[in-house]
Structures are given as C-alpha cells and as structure tokens.
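Residue numbers (the numbering used here), protein chains in the order written: chain A, 1 to 292; chain B, 1001 to 1313.
Keep in mind that the hints were calculated from the coordinates and are not lab data. Note that the Cβ used here is the ideal one computed from N, Cα and C, for glycine as well. Some hints here could point you the wrong way.
Pair ranges (Cβ atoms, derived) [what the hints assert, rightly or not]: (1) S1237(B) x L5(A): 51 to 59 Å; (2) S127(A) x P1136(B): 54 to 62 Å; (3) D1195(B) x A74(A): 39 to 47 Å; (4) I1174(B) x A82(A): 36 to 44 Å.
Stretch by stretch, here's where chain A covers chain B in the computed footprint (C-beta under 8 Å, at least three residues) [stated by the list, open to error]: (5) 1059-1072; (6) 1223-1232; (7) 1269-1279.
The chain contents come next:
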Amino acid sequence: MTTLLQTLINGLLYGGILSIAAVGFSLIFGVMNVINLTHGIFVVGGAYGALIAWSVLGIDPLLSIPPLMLIAFAVGWILQRAVIQPAVERGNPVAALLVTFGFTLVALNLLTVFFSSSVRSISPSYSFINLRLGEVSFDLVRLIAFGCGLALIAILGSFMRFSRWGRIIRATALSELGARLCGVDARGVYAVTFAVGSAFAAASGVLIGMMLPFTPAEEVTWTVYAFIVVTLGGVGSLGGAMLGGVLLGLVSALTQTYLGGVFTNMVMFLILLGTLLLRPNGILGSAFKASR
Amino acid sequence: MNRNLLIILAALVLIALAATLPFFLKAFYIRVGLSIFLSAGFAVCWWMLAGFTAYYSFGHTAFVGVGAFAAALALRGVADAGLVLQLTVALIAGLGVAGGIAAAIAWPILRLRGHYFTIAMLAVALVLGEAVSAFPVFGGSAGLSLPNLAPMSVRVEAFFYWLALGLLALVMAIAWAISRSRLGYGLAAIREDEDAAQMLGVPTTRFKAIAFVLSGGLTGALGAVYALNLGYITTDSVFRGSLSLEMIVNSLVGGMGSLLGPVIGAAVMTAVTKLLLADLLEYHLAITGVLIVAVVLVAPDGIAGLWRRRTRR
C-alpha cells in the first residue's frame, strides 16, 4: 500500500513537470500548427542558463527563471520572424518543421561545444532535503518545482484567458483570416506566440535542471515527451497539457515500480500511439484543429 | 514510348558507369559512394510514400531497424549456407518482415492525416526501438553481429558498393514504374486532395496501403544491407531518429517534385558532410543545420526545383 501511495505521489510530481515542460509546445502547435522541434533545445537551454546563473553568478535557480524567460522570449521572437515565418509561408507542411530541425542542430552543436557533452546538474543548498509524511517521502526540490510549474501554468492560463494579447492569440488560432479581417497582424501574433512558447520551455528547463541531471543531447527526450503529453491531453489546451502530463507521469511511475525501468518508455510511446489511433484530438482536444 | 525507352537507356548507362568506378577509386571514395547509394536508397523509399501521397513519415527508421534485426536473426538460421543463399535470406528477411509490419499497421495508421500521421510514425519507431532493446532475443543493449558476406576475391567496400547500387537502381525502377502507372496517378490525386480523389472513385485506402507497404518493405531490404555493411548492430545504430530525418532532409534538399530529387539530395548532403566537413567535425552539425535552413528558405523546391525553374525561363 505504501509503495503504491509513494509511486502515485512520485508520478504526480513528475507529471507536473511533464505538464509545464509541454505547455510551450502545445501553445505553438495549437496556434501555429507547427511541430516545433526547437522545443527541447529551449528546455535544455533554460537548464544551462540556470547552471551559469547558479555556478558563475551565484543566483538561485528559481530567481533566474524571469530573466531566462526574457532571453528565451527574445530568441524565440527573432527565430520566428527570421526563419520560421518565411518557411511557414512556403506552404509546404514540413518546411517549417525542417527549419526548426536545422536550428536545433545549430543550437545543439553550440551547446555541446560550450558546455561539452558531459552530464551536468544544479544542486542548490536545499536540493537534498527529504520531507517525510508518515510512510511517504517527498523530495523538497520536486515539490518546489511542482509548485513553480503550477504557478507558471496559472500565469500562462490567465494571460491567454484575460489579457488582450491572449484574446488576440486565441482569435488567430481559431481563424487567421477572420482575425486579419478584424485588423490583427497575424504575423506579429505568431511571433509573440512562438516567443511565449519558448519562454515557458526555458522556464520548465530551469525546473527540470534542478531535479534531474542533463546533457545537451537530452533535448530530443523533452521534445518527444512534449509530443506525447500534448497528443494525449489535446493540442492547444492548457488543461489538456496538464491532464496529459499528470497521466503520463503516473503511467511512467507505475510502470517503473511494477514492470521495471526498461518498459517505461515503451509503455509511454504505446500510449501515444494508442491515443493517436483511437482519439487523435486527445482527451480534452478542441475540435477546431481536427486531425488533418 | 520513345521517351521512356530513352530514360531506361540513360539509366542503364549511368548504372554501368557507376558500377565501374570502384576499379579506379581509393577505398575511402568507394565508401563515400556506398553511403551515398544507401542514403539515396532510403530517401527514395521514403519519397515513395511522401512524394506521391504527401504522407510525411517521421519514423521510417522503424523499417530500417526491423529490416536490420530481421536479417541478423535470419542469418543465424543459415550460418553454414553459401554466400549467395545467405545474402538472399538476409534481403528477403528484411523485405518481408518490414513489409509485413508495414502491412499490419497500414490500415489504422493511414487513417490519420497530416501532422498526426507524422507523429504516429514517430511513435511506431520509438515503440519498436524500445521493444527491441527491452527483449533479450535482440541482443539487448549489446546488440547483434552479422557475418561478413563479401566473397574473398572482392574488396569489402566494393562488394557493398555494388550491392547498394543494385538495390538503389531497383528501388528507383519501382518508383519510376509506379509514377507511370494507374497507381501513381491515383496516389498523386490523393496528394492533391484525398477527399476529392475518393469521391471520384480512387480506392484511396488500398492505394495508400500499397505505397506504404512498398515503401516500408524496401526500406527494410535496404536496412538489411545497411546492417550487413555495419557488421554489428544495436538499437541505437539502426533505430535512430536521425536516420528518419536524413531521409526527409535529403528528399527536401534535392526536391520533392521528382524521383531524382531524393537522389540528388542524398548525393549532395552526403558529399558535403563526408568530404567538405570531414575536417570540421566539431561544427559538423551546426553547418548541416544552417544548410538545411538555407535550402528551405532559398530553394523551397529543392535543388532539382531550382534547375527546373531555370530551364523554364
């Protein structure tokens, strides 16, 4: 019983991280209909940014989130304006996907050259504290990361729901033509969307860097996990990303405990495949971007 | 009819010329040629699905891996047989098992369109890769080794050069035959507008499935050759996301519009990475990345497209 409870709690905490790591991807996929392969690079980039801030400047990783988000916002904005938007306008469905892949190769190469491919980790003073509640134990870092993740999702959610920019982004996602007829600068909206998505990817990277060791090549994993979470929960909805992340976290923890570590990825990928075949829009998927 | 005959003759002359090259070249250049043929073969197989129907698979490495492991396991069964028989068994195992898996998943997975098909193929590749590394039959993380099938009298790299050249020619011939057939026109109709094609009586499901199984099976056969050439395979070396991406990148760089596109793309990309960037190993990835972005932005129809645009003017 305790094992089950502990597993569920671990899964829930991990799922929260998977959720926050997927919201940026979900936003970009839902609004722009672009599969953003740079996602993982922004996640890993956030982790390395926090590593520099912590080891060189002595800044606590949590405090480095806002400035890193600003930097990622700027990089994402420029990237979208300079490279991705022109590719989207070519009309070829994979052109945009390919340029994001090209950028990923460049960024991955630079990260590897600057930081080497060895495993790094961020461990602030509170990273080894373990809380106990009866028979169940929590890592303090995971709890903090979970809380920060929820707070970030809440911020993004209220931005999308209540702010003027959020309304404009949602309108453009529903109908680019309609939005443009109302005077919306659709290209500007896409640039902001991509920048916001990148900023949240970087923020999640800081949280991940506090919990898990990382390497530049890890970016593939985070892009793929974002894929799975978003497809499972539903493209373009924050609730979907949260639900998908938590479900995936639980599945991953349960498989690890009861089937063995070798099978966790396989089960996760099978779930992705099953969702796609049975319900391509995901559990909470909105109908406005159907499966084509 | 005359034009078809001309194309066939030109192709035969080109193949004959390419086949004589190993007699003049150094081993290193033969190996470059071999990797050009292999990646061109993979790209053409991928293009057989994507170029005709615009179903962009992101997980064709699944078929490479399945073909490679099927060949490795099948060769265990005929360890004492002659070289020709062993080679035939390896190729048929790759073709058959990869084609069989493609046939098994064709119906559910081809119901998905656009990005969803793309992601689902990625998932297929990931599931198969994880399954292969999870079960000990496939050697686990240690992998499997394959016997060297090159005859004593022939240099190893030249043997695989000819083998890859032959398979590439076969794959291109099949793709070319499809493009002139009823099937090819049906697939082109699916690419332009699937619903309209269905309405006009094109058996879309069957046609898509045929293209998918051919594409997967031939990728598997090439995967068997790829594995034989490596001599030793692990999950990481044959179920590799970058293999899927190379097929896509090569096809797009060369141009999706014609059968020659994937071949040109594979030749250019392989030559650039193996010859020009051989001394810049550290920045190899970055330069490849910049090249991909540049091609997509400057030459959206690929290199073949650039040429066609010039001649049309």
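Cβ distance range 54 to 62 Å for S127(A) and P1136(B), holds or violated: With Cβ atoms ~37 Å apart, the hint is violated.
Outcome for the supplied range 39 to 47 Å, where the beta carbon pair is D1195(B) and A74(A): At 42 Å between Cβs, range holds.
Check of the region 1059-1072 of chain B against chain A for coverage (Cβ-Cβ below 8 Å, three residues minimum): Coverage by chain A is violated for the region 1059-1072 of chain B (0 residues, Cβ < 8 Å).
Outcome, coverage hint (the region 1223-1232 of chain B, chain A; C-beta under 8 Å; three residues): violated (count 0)
Range hint compliance [Cβ, S1237(B) to L5(A), 51 to 59 Å]: 41 Å Cβ-Cβ, so the 51 to 59 Å window is violated.
CB-CB spacing for A82(A) and I1174(B) relative to the 36 to 44 Å hint: With Cβ atoms ~41 Å apart, the hint holds.
Residues of the region 1269-1279 of chain B with Cβ under 8 Å from chain A, three needed, outcome: violated (count 0)
Violated hints, listed in ascending order, are 1, 2, 5, 6, 7; each of the other numbered hints is respected by the structure.
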